[in-house]
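> Residue-level listing of the chains:
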Amino acid sequence: MTTSVSPARGSATERKLEGIFAELKHIQRIYGFLPASQMKQVAERRGIDVKNVYTVASFYPHFYLQKPAKVCVNVCTDMSCHLRGSDKLFEGIRQRFRSAADVDFTLRPASCLGRCDHAPAMSIGDDYYDDLTVAAAGDVIDQALLGRPVKASHNGVHPPALQTDPYDGQRPYKVLQDLLAAPKWSEAIGVLRDSALRGMGGAGFPTGMKWEAVRDADSDEKFIVCNADESEPGTIKDRYIMTHLPHLVIEGMIIAGLITGAKKGILYIRHEYEDQEHILQKEIDRCYEKKILGPNILVSGLSFDLSIFVSPGGYICGEETALLEAIEGKRSEPRNKPPFPVMHGLWNKPTVINNVETFAFATAILAKGAAWYKSQGKNGAFGLKFVGVSGDVVNPGVFEVPMGTTYTELINQYAGGAPAGKKIIGYAPSGPSSGYLPASMLDLSLDWNVMAKAGSMVGSGAIVVCAEGTCMLDMALNAVKFYRNESCGKCVPCRVGSQKMVDMLTGWTMGNFKASDMPLLDELSHTLRQTSICGLGQILPAPIQSVIKHFRPEIDAHILNRQCPAGVCFEGKRA
Amino acid sequence: MSDMVHLTIDGMKVEVPLGTTIFDAARMHDIPIPTLCHQQNEGPVAVCRLCVVDVGARVYAASCIRQCDQNMQVKTNTTELQAARSNLIELLVSDHPSPCVRQQHSGDCELETFAQLYGVSESRFAKRAAPRGQDESSLSILVDHSACILCDRCIRACGEVRHNNVIARQGKGYAAAIAFDMDAPMGSSSCVSCGECMVSCPTGALTNKKVVGQHLQEDEGLSLDVKELLQLPVFKGVSGTFLELNRGAIVKRNYKKGDLIFREGDYGSTAFYILEGTVDIYLASPQGHVDTEGTGNGFFSKLRNKLKGRADHQREEENLIRKFISIDANIDLEYDNPVAKLGPGELFGEMTCMSFYPRSATVRAETDCVMLEMLRNVLDVMQKNKTFRAQLELNYRQRALETHLRSVPIFSTLTSNFIEHLREEVELIRYAPGDVIFEQGDTADAFYLVRIGFVKVTEHYPGGDLVLAYLSKGSYFGEIGLLGGGVRTATCSALDHTEVVKISAHDFQEMMATFPDIAEKLKAVSDDRIRENKNRFKQVSTVPVDQFLQQGLMEAQSLLVLDLEKCTRCDQCVKGCADSHDGVTRLIRDGLRFDHYLVATSCRQCRDPLCMVGCPVGAIRRKNSLEVIIEDWCIGCGVCANNCPYGNINLQEFALKESGELFAQAGEAQKQLKKARVIRKATSCNLCHDHPEPSCVYSCPHDAAHRVTPTDFFADMVGQKHLKATD
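Quick note, the sequences are listed as chains A and B, same order. Just so we're aligned: the first sequence equals residues 2 to 576 in the working numbering. Just so we're aligned: the second sequence equals residues 22 to 748 in the working numbering.
Be aware that one or more of the hints could be misleading.
Stated by the list, open to error - Here are the simulated distance ranges between beta carbons:
1. Lys454(A) <-> Ala196(B): 38 to 44 Å
2. Asn92(B) <-> Arg553(A): 39 to 45 Å
3. His126(B) <-> Gln144(A): 58 to 64 Å
4. Leu415(B) <-> Gln282(A): 51 to 57 Å
5. Gly512(A) <-> Pro152(B): 23 to 29 Å
6. Arg553(A) <-> Ser142(B): 29 to 35 Å
7. Asn98(B) <-> Lys515(A): 27 to 33 Å
8. Leu415(B) <-> Ser38(A): 25 to 31 Å
9. Ser142(B) <-> His527(A): 20 to 26 Å
10. Ala196(B) <-> Asp306(A): 34 to 40 Å
11. Arg99(A) <-> His126(B): 44 to 50 Å
12. Asp217(A) <-> Asn98(B): 34 to 40 Å
13. Asp221(A) <-> Val457(B): 46 to 52 Å
14. Gly370(A) <-> Asn98(B): 51 to 57 Å
Simulated from the structure, these hints should not be mistaken for laboratory data. As the structure is a computational prediction, the values presented were derived from the model and not from experiment. Built from N, CA and C at the ideal position, the CB exists for glycine as well.
Work out the full structure, taking the sequences as your base and the hints as a guide.
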């Protein structure tokens with residue numbers, strides 16, 4: 002543990018920003034955007050400077066600073082949607098509505114909307130439409146222009162039977178009840194430690210250790226934060242868990258609160274997950290009714306409050322410290338670590354911050370025991386994992402699988418394999434962050450160690466499959482663009498480096514390759530990995546470096562012969 | 022836990038107090054670590070990443086923020102670290118306008134210095150596609166976003182160091198930039214021009230803006246020590262370095278009792294701040310307007326231009342008698358006795374300094390005086406200084422607000438009690454040139470008085486905006502919206518550096534309720550204006566307005582129309598005009614042609630009456646009937662004549678005895694001309710109203726010249742044939 006003393010955070014003045022996004026959203030609902038006069042009033046009401054309002058309002062793309070067009074269409078252009086033809090969708094919509102004036106209609110590319118299993122997707126305002134064709138999108142936009150917005154009608158599948166759920170629909174919150182009947186907090190942490198449960202957000206930090214550190218921390222105030230901001234392209238498993246196992250997530254958070262002594266929990270959810278927000282809110286309301294939440298939980302004398310915080314938007318908010326900054330009403334810029342959130346988290350107080358899946362598994366493990374969890378898994382790995390499979394597969398979706406399952410199995414048996422007549426050429430085991438692996442490495446398995454050894458990672462289990470016809474350089478460029486678009490801009494390497502990398506790789510896809518590019522790319526990659534403040538910049542080189550490593554002939558074809566084997570680049574390529 | 026931490030930096034064992042950053046620990050032991058974003062007087066943010074060091078972890082640590090741990094092994098200078106730093110600089114250089122303004126001026130841009138050191142002055146990365154632009158709105162600081170590296174030093178300087186809290190980041194990612202308030206131009210933001218941001222900036226993104234080509238003669242005045250300046254309350258909170266850079270723009274001057282500081286009508290570019298002593302500020306020109314009168318039989322020779330004051334010669338348009346003359350100082354002069362005193366802590370000459378208007382009054386030292394004379398960049402610093410603002414506002418509230426209000430005839434009956442109340446309530450607001458005060462269609466929420474500068478009033482018309490008025494100091498606006506439907510009927514914007522007094526709708530309504538007579542009068546004025554606006558709208562909507570409006574003809578009171586089929590171009594009309602006005606013509610036989618008519622240049626009540634811009638004493642104005650009137654206290658500076666694009670305003674010269682009296686006879690003046698001082702008064706065509714016919718018309722031997730009303734003329738034109746403009 003570091004001996005670092007944290008910078009002064011969480012002072013009374015800083016809390017003046019608390020809840021500012023709810024206020025700004027309210028204004029935007031009334032006016033359609035954030036008029037300057039209203040922002041001034043927000044500053045006056047809160048006793049802060051106007052720059053503090055503007056600096057956050059201008060940071061989050063969800064806020065409009067000028068009156069937007071009547072219909073604003075955002076088409077997702079990231080990995081899974083890109084593989085499923087979002088470029089064509091975008092261009093098709095653009096052509097069809099080119100005559101619509103700016104006041105009526107704007108079309109913009111958007112970052113991953115979290116509908117990777119139903120790509121391509123788009124949003125109009127707070128409505129999301131997926132499995133789109135140009136014709137279907139056109140109809141939706143037509144209706145919106147007429148002032149009759151169509152509600153997206155994507156009904157989920159029937160609730161599946163999931164091994165993770167210890168209750169099977171019967172008597173939920175039993176773990177909590179048992180713990181309250183015979184409080185054995187240290188033993189509970191012991192169970193989690195024995196289970197070797199790791200954080201499921203991607204970093205894989207042991208959960209038991211994290212909870213114990215917060216439990217041992219001496220503080221008048223502590224927090225439990227659930228990170229439900231999954232925004233990485235291909236990552237859709239938390240949406241699935243929140244849809245089908247909301248009670249496990251909530252119970253996990255309450256238990257974490259009781260174990261660590263935190264009285265307040267915040268579930269941070271991305272704003273594109275409105276349906277899940279409603280499901281969770283209903284569950285939270287039910288818990289308050291049944292006295293599972295609130296003061297004096299189940300007459301135990303212990304209390305815990307839980308609320309949902311809807312993200313003002315952006316992938317960077319998923320970075321744990323950036324997420325805390327957002328809750329505090331600031332620009333979602335990652336903090337320099339150490340200090341870590343376990344000691345200096347939300348409002349500078351000790352904070353447990355875990356992924357949705359981690360809280361769900363924690364509940365399951367406390368119900369079924371560490372031995373049960375360790376007995377799950379195969380091929381030398383243990384535990385369960387929710388993975389999303391999307392891209393070029395027949396049945397994209399989310400699956401609950403034993404750790405150790407190979408990627409071949411995941412893609413072919415769970416997700417139905419590549420579309421008929423097509424061969425898989427590569428895949429990303431966990432969205433852009435894991436980099437791309439070639440088809441020859443499909444036999445790797447869902448195992449932290451195996452994947453680390455292969456130079457990749459299990460990550461959040463966002464498997465994106467690329468079949469024949471995909472240009473891997475184009476996929477790398479797509480991933481780098483995602484990071485460029487989502488960079489918060491705080492530190493130099495990521496803010497400037499991401500753009501320079503996009504410039505360079507765009508050049509490669511258009512026939513502009515310079516001999517100095519390769520060494521320069523390596524230098525830039527080293528700089529990004531080593532000097533960026535947070536994971537976004539550190540991982541930024543992974544997509545292109547993995548493609549250079551595993552798909553070198555394709556790269557050479559582009560840079561030496563100005564040829565794209567997949568026929569994607571060069572001609573007609575938009576800069 | 023021990024209070025000391027032991028660690029190794031580049032092989033050297035060091036011991037530092039707990040909580041010391043690696044950067045500081047290294048510095049204490051003379052191990053230099055490069056940085057761009059870190060400054061000793063600001064909290065660390067670790068955004069430039071140049072100061073990264075290897076602590077044996079997965080990634081490098083930013084030494085400026087990372088605290089030393091027990092037994093830490095730190096390397097500050099490995100090949101890999103150097104490569105990363107070099108690469109970071111190369112990234113920044115690719116978007117940097119080398120050499121930036123700072124590098125050009127003083128050769129000390131920190132980024133460019135590092136670039137040379139690391140040999141990466143030429144970046145291999147692609148340049149930024151779209152330039153990020155400059156913000157030149159501040160008078161003292163130039164903002165060049167292209168040179169900004171987002172080190173956040175200015176943000177912390179403005180917030181942590183000076184507690185002004187104006188600057189923050191805006192936007193996200195590669196598009197992120199620094200912004201003032203809500204991305205306002207720096208000049209119209211709440212920036213107080215303390216200069217701390219500029220002093221903190223490592224590059225040419227924030228640099229000191231010198232007033233080009235201007236440097237106060239230091240030999241005449243006493244060059245000032247920055248320390249001395251900083252001790253003055255009006256420079257409290259200003260960065261010393263910033264003042265140092267502006268030394269040439271401020272001098273201290275000593276005046277002896279009776280010294281003339283400047284004369285009304287002089288040109289200048291400075292403002293004065295009184296440190297010690299008092300001055301007299303007054304109008305030296307005799308008051309009166311130029312009147313042409315006939316003396317009996319005959320025509321030309323008997324006409325005489327005379328200066329006539331209000332007492333001798335009441336003009337019909339002077340039904341609104343103004344008791345005060347507004348000048349370029351925080352005080353108004355009484356019409357009957359235009360002299361005032363200013364003492365220590367007072368500022369005068371702001372408008373001359375900011376917008377280069379002629380001096381509005383004569384200033385003479387009443388006692389021995391010490392004054393600061395400054396150029397606009399320093400004045401800007403002072404005006405934005407919180408201490409000075411407070412003092413200025415206090416002075417204004419205590420001394421000027423009352424006369425200012427009372428100088429508006431309608432408000433002359435306000436009770437002292439109510440003015441006392443307003444003193445506490447009003448707000449003084451500054452606007453930069455072009456800033457919109459309110460927009461036509463906005464909700465009316467306040468009433469305004471002009472304190473400094475000019476406010477342009479425009480109204481939307483089919484085919485473009487029409488300037489209704491330029492309001493100068495002493496004018497008011499905003500009452501129509503408050504009295505009428507609660508909506509602004511026109512757009513008001515700042516024409517130059519403008520300051521207005523804002524009286525809230527609440528206080529305004531209270532005033533209306535308390536003083537029904539004022540309400541009634543205001544209502545009448547407002548109704549008049551609304552009616553005129555409606556008429557004008559009807560008028561301009563029914564004819565091909567574009568050309569009429571553009572040429573400013575439609576609203577003329579009277580046009581001189583020459584029938585070109587009859588005119589022999591003998592110029593008798595011009596001569597006639599000159600003869601009747603002491604040899605100075607007010608007419609030029611040139612202008613716009615419609616069919617076979619020439620509309621000669623004479624005042625035409627332009628769509629955009631530029632003549633009203635810049636009068637330092639507010640002596641030229643439009644009556645509600647739109648006719649131009651020049652007030653008695655015209656100081657003859659000639660700004661209006663220069664501004665009139667049609668040459669329709671002329672200056673009449675009068676010789677003045679040393680005593681200040683006018684010579685009764687022109688001839689007498691000529692005899693003594695060497696001793697006499699010439700004063701001037703502006704005039705525009707008065708239609709020779711003392712005569713049965715204007716002299717130009719009278720003098721035409723061919724019956725080609727006619728004075729007609731525009732409506733008649735154009736109705737005739739439009740009715741009979743289609744208007745043929747100037748083809």
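> Does each hint fit the structure? Answer for all of them.
Verification of the supplied hints:
1. The hinted window of 38 to 44 Å between Lys454(A) and Ala196(B) holds, with their beta carbons roughly 39 Å apart.
2. For Asn92(B) paired with Arg553(A), a C-beta distance near 43 Å keeps the hint of 39 to 45 Å intact.
3. With their beta carbons about 59 Å apart, His126(B) and Gln144(A) fall inside the hinted range of 58 to 64 Å.
4. At about 54 Å, the beta-carbon gap between Leu415(B) and Gln282(A) stays in the expected band of 51 to 57 Å.
5. Taking the beta carbon of each, Gly512(A) and Pro152(B) are about 26 Å apart, inside 23 to 29 Å as hinted.
6. Evaluation of the 29 to 35 Å hint for Arg553(A) and Ser142(B) yields a pass: the beta carbon distance comes to about 33 Å.
7. At about 30 Å, the beta-carbon gap between Asn98(B) and Lys515(A) stays in the expected band of 27 to 33 Å.
8. Checked against the hint of 25 to 31 Å, the pair Leu415(B) and Ser38(A) passes, with Cβ atoms roughly 28 Å apart.
9. Look at Ser142(B) against His527(A): about 21 Å separates their beta carbons, and that is inside 20 to 26 Å.
10. Distance hint check: the CB atoms of Ala196(B) and Asp306(A) are about 38 Å apart, consistent with the given range 34 to 40 Å.
11. Distance hint check for Arg99(A) and His126(B): the Cβ-Cβ separation is about 48 Å, which falls inside the suggested range of 44 to 50 Å.
12. Look at Asp217(A) against Asn98(B): about 38 Å separates their beta carbons, and that is inside 34 to 40 Å.
13. At roughly 50 Å, the beta carbons of Asp221(A) and Val457(B) sit within the given window of 46 to 52 Å.
14. Our hint of 51 to 57 Å for Gly370(A) and Asn98(B) holds, since their Cβ atoms are close to 53 Å apart.
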